[in-house]
Structures are given as structure tokens and as C-alpha cells.
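As given, the protein sequences belong to chains Z and H, one line each in that order. Mapping of the first sequence onto my numbering: position 178 corresponds to residue 178, and the numbering continues sequentially without gaps. Mapping of the second sequence onto my numbering: position 225 corresponds to residue 1225, and the numbering continues sequentially without gaps.
Honestly, the hints are just simulated from the structure, not real lab data. There may be inaccurate statements among the hints.
Here are the computed distance ranges between Cβ atoms for each label pair [what the hints assert, rightly or not]:
#1 H:1022 x Z:150: 55 to 61 Å
#2 H:1136 x Z:50: 29 to 35 Å
#3 H:1107 x Z:51: 52 to 58 Å
#4 Z:117 x H:1107: 23 to 29 Å
Values in this document were obtained by computation on a predicted structure and should not be read as measured data. Beta carbons are placed, not taken as given, at the ideal position from N, Cα and C, and that holds for glycine.
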Amino acid sequence: MDIYEKQLQEEIPEFEESQQPEKMGELDLSSTMSAVKIHGWKQVLGIIAVAIFVIGGWELLIRIFKVPEFVFPAPSAIAVALVKSFHNILPHFLVTLGELSAGYAIGATTGLVLAAVLTQVPYLEKIITPYILLLITTPTIALVPLLMLKLGFTIWPRIIAVALASGPMVMINSVTGFRRTDLAKIALAKSYGATTFQIFTKIRFPLALPMIIVGLLVGGIFGLITAVGSDMVGGKMGLGNKLAYYSSLARMANFFAVILLVSAIGITIWIIFSSIGKKWASWQE
Amino acid sequence: MNDDYVIVVDKVTKVYQSERGPVHALDRFSMKVKEGDFVAIVGPSGCGKTTLLWGLTGLHPFTSGKAYILGEEVGKPKREVGIIFQQANLLPWRTLIQNIYFPLEIMKENVDNYSERIEDLIESVELTGFEEHYPRELSGGMQQRASIVRALSYDPKILLMDEPFGALDAYTRDEMDTLILKIWKKTKKTIAFVTHRIEEAVYLANRVYVMTPRPGTNSAVFDIDLPRPRPEGITMERKFFEIVAEIKRTIVRDVEKQKKEGKYQSQAYSTIT
Chain Z
1 MDIYEKQLQE EIPEFEESQQ PEKMGELDLS STMSAVKIHG WKQVLGIIAV
51 AIFVIGGWEL LIRIFKVPEF VFPAPSAIAV ALVKSFHNIL PHFLVTLGEL
101 SAGYAIGATT GLVLAAVLTQ VPYLEKIITP YILLLITTPT IALVPLLMLK
151 LGFTIWPRII AVALASGPMV MINSVTGFRR TDLAKIALAK SYGATTFQIF
201 TKIRFPLALP MIIVGLLVGG IFGLITAVGS DMVGGKMGLG NKLAYYSSLA
251 RMANFFAVIL LVSAIGITIW IIFSSIGKKW ASWQE
Chain H
1001 MNDDYVIVVD KVTKVYQSER GPVHALDRFS MKVKEGDFVA IVGPSGCGKT
1051 TLLWGLTGLH PFTSGKAYIL GEEVGKPKRE VGIIFQQANL LPWRTLIQNI
1101 YFPLEIMKEN VDNYSERIED LIESVELTGF EEHYPRELSG GMQQRASIVR
1151 ALSYDPKILL MDEPFGALDA YTRDEMDTLI LKIWKKTKKT IAFVTHRIEE
1201 AVYLANRVYV MTPRPGTNSA VFDIDLPRPR PEGITMERKF FEIVAEIKRT
1251 IVRDVEKQKK EGKYQSQAYS TIT
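Throw the hints in and build the complete structure from the sequences for me.
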């Protein structure tokens, strides 16, 4: 007998508000998905105007006060550095992107599967949750030196660190999603003779999807932070490594150019998941 | 001996194991429904009406007693039975038409065999043109109409309706009652209709079962001797009022009796409005 059958047996059917899927959960970061919503040309113009004002003002101040590049670079210097040293930075960019993709793929898949399985067994879920919280609160970058003792100066310690950082994030958000049991909708599917598997694919998964997407987004950003941080700690390649290198030489224009690339990855992650969210989870609004 | 009856309920009891101890929801309730009949079940809030319908659908087992649908004891949900819930209960991530096809999808049946029938049903509830809309874009009445089409989509013989219009406003509710009678006349389904609105029960049904307050058990049965099809304005006639008043008196008497015996649980455990 699966858990829904038990619930259906032991709970008095009710259709109050409490039966509606909860919107809030731990680490509910759904606001990050809707924070930036651009409506109309007025807002677009406003955003561009702010960019021009900030970048122009920055450039102007640096020129007026003749701030040397090693103290703080002008936007123009950063742009020049980005173009000039792009061929130098590119291999490092690809290494970081590789770590992130591989680690994220492993972490996110594991997190999602674990969430789906654990929520079916409430007892197991209760036992495992403290350990997941431990993983979330531990900066996994700190594990990289330890992993390097075992695995050497390869890319693997960093991939593992990314997986350990993104996986639990995906998992804890997905768990919140899968926990939204809408008994009325499960009863509906059951009344047509739905199997446990059908209830999962046709009710529980779509119900959980908005939270899963939030988890994937947050996990991606955590993965990026961990990838760049791990580059700094261990290894000769990667964007984080480049950041440490340029700052040690006070080549601040190049330093900022690398930061720009890191942000570009982050923004891409955000764009990917917010557009997925718009397509698959917009019913919730 | 029960061959004439498509629904036979024989002294069913349901006790829930809640955190606050056992809740006695239904107590030896019995009823019989003939094929093509329209019965209503009324009673005060929380008297176990929903529990009865969920049990008949096969969503949860009764603690004791037996129930038969089409001569077979109720166990797992049956294809011949369709349930309409208190709320439209549409899946918000599906469009209206995807919601209507949901039962067929679960039953893994060929959708094409039903498309013409479903188109007709959509037209009869005046939802044509809204097929691609999402539930949040539809009014409460439209959503509940869609849920009726969903329940009828796979052509079950028996419709169980669990206060389907409770969440709607008074005008929409009256419209829906008329619509249900229209559908009943057209499709010749057997309908068991749960409501706490006595006027609705008298207007719709041939026979009204009255349940006592929780634990719900048989209190009285009224055969409604009003013409079919219901003439316009019947709800404003003396005879209609007299039947309604008689049923109301029965319910008040049951409540008073339980209060006197100190058994009345009011809404303490009730979640059903």
C-alpha cells in the first residue's frame, strides 16, 4: 500500500484552503524568478539609462582623478583587456565551464532522484535531512584540498565540490516541491484508477515542478560559486585560478575582465531557468 | 434481490484514525438507488456525506458494512463510476481540454474514439472556444462545468456528486442545477448527489436521504412528488416549500435530539462547509 492510499484512508476528505498546494517552503527562492520582469520600452530605456550613467560616471571619475589601472581600472580598460587577453582566458573559461557542467549534472541528477525517492518514504526523509542540511551549510570549497590529497591535481576534486554544492540545493527545494501533496488531486487521479507511477508523473511531478526549477537555478548558482572558488584553491587552470593570478600581479583590468565572464555564466544560468520556469511553472502565479 | 438497484449501500460505517483519536464519521448508513434514478443525500455539515461518496468511489474502504455498485462489491475505483468533487479540482498546469482528457489518459484509452462525444459535451455546457484556456483564466462556474464534462468524458454509468456547487455563488448555482437536470435527462445517468442545501436536493432529486449529524446515519427518506420536468418557478410554490420545511424540521429535530443526549459534536471535527 502506498502512502497516498494510507492518507486517503486516514484523512477526512476536505477541500479547505489547507489542501491547496503550499506556496512557501524552506529556502523558497521563487522570488528570484520573478524579480526581473521587464514590461515595456520605458523600463528597458530606464535600465539602459542606468547602465550608461554608471559606466559613464565610472569612466569619467577614473579619468578625472587619474586613478592608475592597478588601483581600479576604467570600464574602457576592462573592455580592452577582455578583447586582448580573451585567447588567454578562453581555455580557463572552458575548464571552469566543464567543471561546472559535469559537477552540476552529477549533483542535480542525484539531488532530484533522491528528492523523488525520499519523499515517498517519510521515515527515510527525516533521517537523511540533517545530513543534507550539513552539506548545505558546509562550504564544499573547503573539501577541495582534502580531495586533492586523494585525487591529485586533476579536475575531479573540483567536479566533486561542485556536485556537493549544487546537489543538496536541488534536493532540498525539490523535496519541498514533492511534499506538496494535494490530496484532492491525488483522489481525482485515483478515482480513474491511476497507478502510483501515474500519480507521480501526472500529479506529483507537475505539482513539484516550480520548486524543482527554483532548486535547479539556485543549485546552478551555488555550483558556479563553488567552481570558481575551487579553481582558486586547487589547480592550475580555471577562471578562479586566473582571478588569483591577475590580482597577484595587480593586473586589475584583466581581473575585472575575468569577473565579467564569471557573471556572464551566472546570468546565462538565470536566463535558462527563468525561461524554463516561465514555460512550465507559470500556472502557479 | 437487489438486481434492480445499481447502488446498494448496506450499513456502512467509517471510523477515521485521526491524531485526536478515532472519528466516527459514518454509522451504519444504508441506501438503494435504482438505475437512472436521481437521489440526493442531505444532512448537516460534517455528517459524513463526503465520506460516503469517497467510499462508494473506492477512494477509501469502509470500516464495516458493504456497498455494491452494479452488483459488485466496492473495492478499487471502477470505470462505471464518475465522481465530481466539491471544487472543480482541475489541474492548473493543464488547459481545459487537457483536463477533460485526463481520465481517458489515465485509463490509457484511445482519445480519438471520444473526441466527438467530448466536443458535444463541451458545447452543451457552453464552453466551446475555451478549450485552450488554463483553469486560472476561467470563472468558478466555468471550471465546475469543465469538471462535469471531465466526469462524463469516459461515459460512466453512475455519477457521484459531492456538493459540486458549494463553492459557487447563488445565481451560478441555480444555473448549474438546471444544467445538471438537462444532462441527467439527456444522458440517463444514475446520480447520487450530496448537498447541504435542502432546496437544491428537493429541486433535483426523486428521493432525498436525510442523514443525522455525525456519526451520519439514516434519519429519514423523502420521495419527492413533484412533476418532471420541473416546471419553471416550482421553487416558489407552496408544495415545494412544504417538502423543504418538512426536511428541515427533521434535521433540526435530529440535532436537538443529539444535543439533549450530549452527543452533538457540532463542527468540532468538521472540515466540510
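Hint check for residue 50 of chain Z and residue 1136 of chain H - Cβ pair distance inside 29 to 35 Å: Holds: the Cβ-Cβ distance is about 34 Å, inside 29 to 35 Å.
message: Given a hint of 55 to 61 Å, does the C-beta separation of residue 1022 of chain H and residue 150 of chain Z actually sit inside it?
response: holds, 57 Å
- request: For residue 117 of chain Z and residue 1107 of chain H, compare the CB-CB distance with the range 23 to 29 Å and indicate the outcome.
  value: holds, 27 Å
Supplied distance hint 52 to 58 Å, evaluated on CB atoms of residue 1107 of chain H and residue 51 of chain Z: Taking Cβ atoms as reference, residue 1107 of chain H and residue 51 of chain Z lie about 56 Å apart, which means the hint holds.
Of the hints listed earlier, there is not a single one the structure fails to meet.
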